[in-house]
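Peer 1: Starting from the known structure of chain A, fit chain B onto it as the hints suggest.
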Amino acid sequence: MKKVLTLLLAGALVMGFAAAASADIKVGCALPMTGGIAFIGEAMMQGIEVALDEVNGAGGINGEKIVLQVEDTKSDPKEANNAVAKLLEVDKIKIIYGPARSGSVLASKPLVAKAGAVLLTSVSTHPDVPGADKGVFRTCPSDAAQGVVGAKLAKDLGLKKMGSLFENSDYGKGLSDVFVAEAKKLGIEVVIEERFASQDQDFRTQLTKIKGKKVDGLYVVATSETPNIYKQAGLLKLGATIIGAEGTKDPKLLERGGEFMEGTYSTSPPFWDESPDPGTQKFLKAFKAKYPNEAPRMFAAQGYDGMIALAEAMKRKGTDPLQIREGLLTLKEFPAATGSITMLPNGDVVKPFAVFQVEGGKYVFKKFMK
Amino acid sequence: MSEFLQQLVNGITVGSIYALIALGYTMVYGILMFINFAHGEIYMAGAFIGWYLMTQLGLPFLIATPLTVIAVALLGVVIEKIAYRPLRHASRLGPLITAIGVSIFLQNLAAAIFGTDPRPFPLPSFLERNIYEVGGVILDSLQIWIFFLSILIMIGLDLYVNHTRMGKAMRATKINKQVAPLMGINLDTVISLVFAIGSGIAALGGIMVGLYYNSVSPTMGFMPGLVAFTAAVLGGIGNIRGAMIGGMLIGILENLGAGYISSGFKQGIAFFVLIALLLFRQEGIMGKVEREKV
Chain A
1 MKKVLTLLLA GALVMGFAAA ASADIKVGCA LPMTGGIAFI GEAMMQGIEV ALDEVNGAGG
61 INGEKIVLQV EDTKSDPKEA NNAVAKLLEV DKIKIIYGPA RSGSVLASKP LVAKAGAVLL
121 TSVSTHPDVP GADKGVFRTC PSDAAQGVVG AKLAKDLGLK KMGSLFENSD YGKGLSDVFV
181 AEAKKLGIEV VIEERFASQD QDFRTQLTKI KGKKVDGLYV VATSETPNIY KQAGLLKLGA
241 TIIGAEGTKD PKLLERGGEF MEGTYSTSPP FWDESPDPGT QKFLKAFKAK YPNEAPRMFA
301 AQGYDGMIAL AEAMKRKGTD PLQIREGLLT LKEFPAATGS ITMLPNGDVV KPFAVFQVEG
361 GKYVFKKFMK
Chain B
1 MSEFLQQLVN GITVGSIYAL IALGYTMVYG ILMFINFAHG EIYMAGAFIG WYLMTQLGLP
61 FLIATPLTVI AVALLGVVIE KIAYRPLRHA SRLGPLITAI GVSIFLQNLA AAIFGTDPRP
121 FPLPSFLERN IYEVGGVILD SLQIWIFFLS ILIMIGLDLY VNHTRMGKAM RATKINKQVA
181 PLMGINLDTV ISLVFAIGSG IAALGGIMVG LYYNSVSPTM GFMPGLVAFT AAVLGGIGNI
241 RGAMIGGMLI GILENLGAGY ISSGFKQGIA FFVLIALLLF RQEGIMGKVE REKV
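If you read the sequences in order, they're chains A and B.
Counted the way my numbering counts, the first sequence spans residues 1 to 370.
Counted the way my numbering counts, the second sequence spans residues 1 to 294.
Just chain A, with the same shape it has in the complex:
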């Protein structure tokens, strides 16, 4: 009996090795598949799968198909660091896609630099994230721009006294700081800045303080907490115009927030169903064909963009991490789902932001701002 078992185990082991065909390009994905921001990871994976269908369906990169190795970051920066370290050191995969949180990417930068690898993120917006010299690139615009857009929008809306409520993380604080600095430059008084812990559900304490300051506008940097923040603000009769960052714009959040989200604004990379951008429409068509019962979300579009950027870089320069770095730097006006990608020498991209307002239970595109 023991011998049979040993044989079966050996067989399984051999099968494991045979699984990946030798001519495959492995991309390590460190994404939040479980935990608080799993909804971001899930949407990104949808976009990534659409991208892979497109790339591998057209023959891959010189006949080699891209294959994913997915590690769960569990929505936690510590786990994200472990996931990236595992991909680099244990699996020896030097092409990394992800993580999602800016804090996690910042923590992984030194690892990537040391390993001479390449890391691409499509949703981390903190100003310090990109570093082409360290091999870290991104296909989403920086919070350094998003915060400025938020402040300019506030000015356009005639808001004079504002508060800021942000997630207590690198991303949240980074973006809020940019907003506050720009708002002050534009002559808007920012009288209160409050923070909350990620995944918190009760914001009445912070909102009560904000209400006490009698603000006419509130800048919100949040993700899954958005519906509760807006709802509690409504119930407390805060009476302020709300401008949210890109994490507040997602149909699933609208489902939960309902009427309390009406009239609120959000800034986000330009992606919406009726967008005239051909890159967006191409993605929407492919997405709806693959997932007919799902609404295409921005995180899916961003997930798609990151993967096609990587694939294109590989096509242009090669599949070695250092070649991919070069390849990414050659992207100019490369058509994508959330606005064309032009890579800056430091690994960042610049895109105009779209302003949306919730009207009749939908995000309605209002204008571009930069």
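All the given hints hold, so there is nothing to weed out.
Some chain B residues flagged as far from chain A (calculated, every beta-carbon gap over 10 Å): (1) Ile70; (2) Leu74; (3) Arg88; (4) Phe126; (5) Leu152; (6) Lys177; (7) Met183; (8) Ile185; (9) Asn186; (10) Leu187; (11) Asp188; (12) Leu277.
From the structure, some residues in chain A lie toward chain B, with a derived Cβ separation under 10 Å: (13) Met33; (14) Gln201; (15) Thr208; (16) Arg256.
These aren't lab readings, by the way, just hints derived from the structure by calculation.
Glycine included, each C-beta is placed from N, C-alpha and C at the ideal position.
Peer 2: Chain B in isolation, oriented as in the chain A frame:
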């Protein structure tokens, strides 16, 4: 002043829920000297089962809620029987670690069945939120419901434990687990009942929170579970009235602390209290210092 009162109102509402969850912790500890770390997930199970019955099967609130309470009470009894009873005579560490295992298992089970996204939990029409403004303080009707329902449950439990035969049996078991069976008390029945009641109450808390924040998610029990445990310790672990006081107090402290010191510390306040308690007054507010009689 109205800001202070508003924070107080917020704190009392949250505190009522902490109190309900804390009751389960304290009752189980009182009898078994065991901290049921999976209790937060029982509360989450209540929220999910209630959510499922109301939103997916369309059952009305007044039918779904009692069904949920019964279902979760049974869940608590089953967990006790499978995971904790076999270890009843093992060292104190065994059941504790098992409880953590049950907690992780339930969280992942919920995630596997319902997905990790938070789900919206809409209010039944008779609970529609009316907003009352009293002297600059905003109260919404749901907060009032939660507070009164919690008080009702706590009074009910207190009466049950102190004025019924079964309650007496529970108190006796708490005083001396070895002698109680000699007095004709069936240990297994008492323990199962304690788990059932604690779990049922936590389930109610879960439904209330699901409705209050309009959201249920598999990880929603983790933090409230820890805070409620702290509340139970604050009130004197093993003491039912203590759990009620502890819950309210922690809720109020969290909100006042976040309101007047810094909102960044909100989550940390409960744990700061826990550390202070363990250093200075382990028996909590209503607890009695246990002396080992030789």
